[in-house]
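K.L.:
Spelled out, the chains give:
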Amino acid sequence: MADAMGFFTDTTVCIGCKACEVACKEWNQLPATNGGLNTLSGDSYDNTRRLDGTHWRHVKFIEDFSPDRSQAAWLMMSDVCKHCVQAPCLDVCPTGAIIRTEFDTVVIQADVCNGCRDCIAACPFDVIGMNEASNTAQKCTLCYDRMQNGLVPACAQACPTQSIQFGPIAELRQRADARVDTLHSQGQKNAYIYGKEDMLGGLNSFYLLVNKPEKYGLPASPTLATIRTAPSWLFSTGSAVVAGLVGLLGFRKHRMDAFAAARRSSTGEEQ
Amino acid sequence: MLLDRFNPVHWEWMVYLEMFIAGIAAGAYMVAALLEWSGRGRSPLARSAHALAFPLVALAGLLLAVDLSRPERFWHMVVQSHTMLPMFKVWSPISMGSMLLLVFGGLTFVSFVDFLISRDFFRLGGWRDERTLHGSAVGRVWALLGLLTAFGTAAYSGILLSATNIPGWGHSTLIGAVYVATAIITGVAALLLIQTIRGFIDEDVVALAGTNTWLIVWWLVMVVVFLATLGEGLRFIATGIASVALIAAIVLAGVVPLALRFAAGARSQSLLVPAVSILIGGLLLRFAIVMGPQSVH
Amino acid sequence: MGRGAATMYAGSLADADCIIIQGSNMAENHPVAFRWVMQAKLNGAKVIHIDPRFTRTSAVADQYVPIRAGSDIAFLGGLIRYVIENDKYFRDYVVNYTNASTIINENFRDTEDLDGVFSGLTPADPAATADPTFAQENTYNVASWAYQRTAPFDAARARQEALAAETFTEMLQKLLPPDEERDPTLQDPRTVFQIVRRHYSRYTPEMVERVTGTPRDQFLKVAETLTANSGPDRTSSFVYAVAWTQHTTGVQMIGAAALLQLLLGNMGRPGGGIMALRGHATIQGSTDVPTLYHSIHGYMPAPDARAAHDTLKDYVATATSALGLTAFWSNLPKFMVSYLKSMYGDAATAANGFGYDWHPKINGDYSHMPMMVQMADGKVKGMFLMGQNPATSINARLQRKALGKLDWLVVKDNFEIESAAFWYAAPEVKSGEVRTEDIKTEVFLFPAAQIAEMEGSFTNTQRLIQFHEKAADPPGDARSDVWFAHQLALRLKRLYADSDLPRDQGFKNLTWDFDYDAGKYPTNTRIQGEPDVHKVWREINGYRSDTKDLLAGFGALQDDGSTTAASWIYSGAYPAENDFKPASRTPDANNQPGSNLGWGYAWPANRRILYNRASARPDGQPWSERKKWIWWDPQGGAQRTGAWVGNDVPDFPVAKRPDAPARPGAIGLDGKAGTDAFIMKTDGRGWLFTPTGMVDGPLPTHYEAAESPVNNPLYKQQTNPLMKYWRRDDNQLAAVNDPRYPYVMTTYRLTEHHLSGVMSRWLPWLAELQPELFVELSPELAGEKGIKNLDFVRISTARGQIRAKALVTPRMRPLVIEGRTIHQVGMPWHWGYMGLVTGDIVNELTPMVADPNVSIHEGKTFCCNVEREGRA
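Taken in order, these protein sequences are the chains called A, B and C. All residue numbers for the first sequence refer to the numbering used here, where the first residue is 1 and numbers rise by one. All residue numbers for the second sequence refer to the numbering used here, where the first residue is 272 and numbers rise by one. All residue numbers for the third sequence refer to the numbering used here, where the first residue is 569 and numbers rise by one.
Same shape as in the complex, but just chain A:
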């Protein structure tokens, strides 16, 4: 495999310009919501509202103000598929449509997906959705087509402040750790990396955040959904075994009772 590649997104330099959203749509020729005739969400400056099958980059806006304005912050974060090293979507995909590329990114092959939607349910970050044009599940491909041609993903290319940084994961992690150290030394003690190796094996699209994950609408400890598969089989087997024993013993007992009753009645008739 070539170097693992991905994104380091430093939210402290994000200016919420949404160039990433537009660049992604333009490169991937994704449709605008209702042909562009969208409605105001009322949720800060976020009118595209979510990641889904036709929306693969989404900037979140979180207004964090106290009534007296002594706490005044506007968190901005460009959300995207996390390209997990242990990807729940890839694990559950029954057609093998979801693969891990030579760049250690996670891609849904649009010609293989049959739209069972298990990946949508399995993703802990709610990034996958159905694309109505293809009737398959779609999400960020980390611009696999661009990467295969030596280009930088469209969103990283467009980001004016280099909040979205693209490159080899090892290098990005070093850069990110240095940035956290710098922020700590500048007094911003809340800065940390979300998506280190202890989270789903590491997120190949990881973030520098300055508040709890829940504040950003991210799960604090996302799980690989398929870790529940084995225990579930175990408990199901247990249930079946108990039921089986109950059934077997019960059936034998009731059959003997039934025969006994039948013999009694037939014997009764004979007399």
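Calculated from the structure, these hints are not laboratory results. Please read all numbers here as calculations on a predicted model, not as lab measurements. A couple of the hints might just be wrong.
Using 25 Å as the maximum straight-line C-alpha spacing, the simulated BS3-like pairs for lysine-lysine come out as follows [as the list claims (entries may be wrong)]:
no. : chain 1 : residue 1 : chain 2 : residue 2
1   : C       : Lys929    : C       : Lys949
2   : A       : Lys215    : C       : Lys1356
3   : C       : Lys789    : A       : Lys189
4   : C       : Lys973    : C       : Lys1008
5   : C       : Lys1076   : C       : Lys1061
6   : C       : Lys949    : C       : Lys969
7   : C       : Lys1103   : C       : Lys1088
8   : C       : Lys1076   : C       : Lys881
9   : A       : Lys189    : C       : Lys614
Fit chains B and C to the supplied structure of chain A, relying on the hints for placement.
P.N.:
Same frame as chain A, but now just chains B and C:
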């Protein structure tokens, strides 16, 4: 776990109906396997199960395929569409399920043919009249395989739900266990219903009806333990219409049959009412578990 | 400071130690340039954002400071006072490079003496003048603001002698006044320094809080941060945009920042200065080679029938005196004659004043607003509208009324914009108030080509000219603006060819030779009739009139007709056939030093930081190693006799020694010393006090906006005494503290859209990002008015009423002004009735009032009311 999700999974009536139908087929076939190993593979009860299972499995498969957003690609779950090699991932519940349904479907199909042959609809060479698969030595092997795949079919769709990050589903590893118990009692109920309607109430039927009482108790235990171990996931299952369906399911599939059974004159009672009650309750349970988490925003 | 542009390039912000963004929402509206601010932040710089709203810029700033819209001069004046009273000014810089030590004449009276106005205020009645475009109630006679001279000067006699001179050089020498008087100790009470100190003495932190609403401790934190990051070792920058220009005191707001930056010694230094952020891709270019009525190429004043501009000599005498006889502007005769040669070619000779008599003369205020007012009164017959949308502009109803009075209207744009469709789609037509049948205007809609469908150059906000190539033909009938202008000129030339009328001779003699030479027309296009833009560029750069050899720069321009150059400031961009600098793309390695002299061409002469002489000490050495930019190398230059060297092209004569004395009696830069860094000012100094050039005062003074909820806490004079206001029934102003309109409204832009949305609301990917018009208000105000998030509300002013959805957000906050709680609300103004997503026009609300210096409208602060819809 993210409790506030936007992208809908849209597993709706086709899915919970399939779970219900496949569960019945699985439960019925498990009873047939039990009878086979008790030397009663050719009994009327067993034959009803052999007749019932395959059509239901076929219908279940059809429902699943149609529910896909790209139904014409259903075969991608069995064969890799690029290489034509087999497609099988043990850790993917749907992949397991599609294999299980395939094998289970194959087994039940042969049993179905066996049933037709036993009724003299046709004959295939030496396979005729009394020389049926079921009731023979191979039949016992068949029944064992059938038991295992039936169990798998009953369990996998519940395990599938647990292996997600949808609140409610992902909070529990017991959905498969509940589904197995539900499959058994609804399979039994279906068989009892069929035999009652056809007037074939023999000792097997009576014994099965009696056994079902304990199976229902086990089912209730499973449901209660499932709900009790959901933690913060409980409000995603017991919500809105789903909570009504849940209660109705417990009443119809659990309380009513038990009450009827332990009321006066149990043995002389008709098996029809409790059977129907269990079936409705079983469907409602599937509905509640599947639709509850999808109705919370 | 003498140039119509930013003093620095955006990348220099990365070298700043402190950046104050005020009058700008840079991250949202200049996101790509903002990367330099983020670079500065990553390098440890402090970023401060001062704004009525907490925006996406505030989100990444180190300190956000709330302020009442329009009160910026009070804030900046407070900083000026702080700097002076706490001895934080950069003394060596101030004494040597500014006019702090210059003495003002004894007739000057400050606002402290006259309760808010300066000496020389002359009432004028707009109705009494013959000029229907005149819209001011007052003017200033600026004589009392003049420098004190070392000897008396008879200006009238000097002019008489000057006009009799043989050459332009002699003429200008005759006009030279005696030197100004100075006190380098800055003690004399009539020094500029003491006048400035007195002028701002009442702008205390407490007063700042009363006027602006900014809490005192936050104001002081800004002052401390700014002053801690200014001086020999550290530099700070101010960044502003239209939230400073779009006020009736807009120019003075910028002047206040310039004053402050001069006191702190930040001008002309890396990471220091004033970054004016212009908003359109080439709006800088559109003022450099201008489409402004009052300016001809290179910021020379347009010949004006109302001024002493009768002949070419009159014009040169008057304009050069005004701009500076000992500034680089002393070369104006060369610029003007070369420009006239460009206009009239061989027909321009010394005998006929190079065709000066043919050149149009302005005789009124023909800026946008009075033009539309005249149009609304039926005085204008036709209009070409290219890339503008007056139907959604200031006091939009009035402007649409004006459009309806035209005989013909040509609209050239990408889409059918509001101005092209007003006759059937405007709100007043939809409501039946105005009938389409009653609108006699004939509208022609010409489709425009897009940026990649034509070749040409942009000049951006840092004066950088970049040429881009054509990638594809435009579709169908769409054509570029340069194609249109060229074809129009050719047809007009044919129509005028046989005219004998005196007024047509200028157009007849206009040279127009921009077609491709025979056989040279590009073959890879189906579009015919495009001009050769390289010919246009040669004309702009300039060439020898006889040989047509390209000129190396404006230094080669002559005043005798031997050179031809359309715009002197661009001269040097195209010095040789194979050296078209706007197309060059050679960056600095690793972006060091960052001036990127090989990328594009920055006018003038590729200088990236203006007044960069001030980046070195009077003796020529850098102020510090950390902030060195250019410096004197005694062995530098081709002759090794000494030159200014460093990271930039010197904005100074390259071989002039730092200790060179001024030559007495000389015009131009010879009349200035080796320490006179501000070469475009006649005294070579940065002006703390502006004796001429600003019509409304030599020092920025806080006035309230045309509409305000409070009386001016500082002076009796409420508003800018010279503000332009077109007094009409359909252009009413609310009285001070008008109870009908109790809230302060500010208008602004979002990243997702552009101007009136003509380029963005038609694109699905942009429309979905911000689909609907909204009004931002604080939870406090929303609670008071019973307004919930996403409720429809009505917003009204003395001009009109619109509706929008409410966006209730804590990013808006009430301020305490003069002891009262004042609510501010804000609206992005991107919507109109045409496009994929539509909405009401915010400019239905704004008044036609303007700054008297440059006629920019006051769109950034006025008074309004907000009511929930459905409320009785």
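K.L.:
Take the C-alpha atoms of Lys189/A and Lys614/C, compute the straight-line distance between them, and say whether it is at most 25 Å.
P.N.:
Holds, at roughly 18 Å.
K.L.:
Tell me if the straight-line CA distance from Lys929/C to Lys949/C falls inside 25 Å.
P.N.:
holds, 19 Å
K.L.:
Hey, Lys1103/C versus Lys1088/C, does the alpha-carbon distance stay inside 25 Å?
P.N.:
holds, 12 Å
K.L.:
Is it true that the CA of Lys1076/C sits at most 25 Å from the CA of Lys881/C?
P.N.:
Distance ~24 Å between Lys1076/C and Lys881/C Cα, so the pair holds.
K.L.:
Are the Cα atoms of Lys973/C and Lys1008/C separated by 25 Å or less?
P.N.:
Holds - the C-alpha atoms of Lys1008/C and Lys973/C are around 7 Å apart, at most 25 Å.
K.L.:
Compare the distance between the alpha carbons of Lys949/C and Lys969/C with 25 Å, and conclude whether the hinted pair is satisfied.
P.N.:
Roughly 14 Å between the alpha carbons, so the hint for Lys949/C and Lys969/C holds.
K.L.:
Between Lys1076/C and Lys1061/C, is the straight-line Cα distance small enough, at 25 Å or below?
P.N.:
holds, 7 Å
K.L.:
Hey, Lys789/C versus Lys189/A, does the alpha-carbon distance stay inside 25 Å?
P.N.:
holds, 22 Å
K.L.:
Check whether the Cα positions of Lys215/A and Lys1356/C lie no farther apart than 25 Å.
P.N.:
holds, 23 Å
Checked against the numbered hints above, the structure violates none of them.
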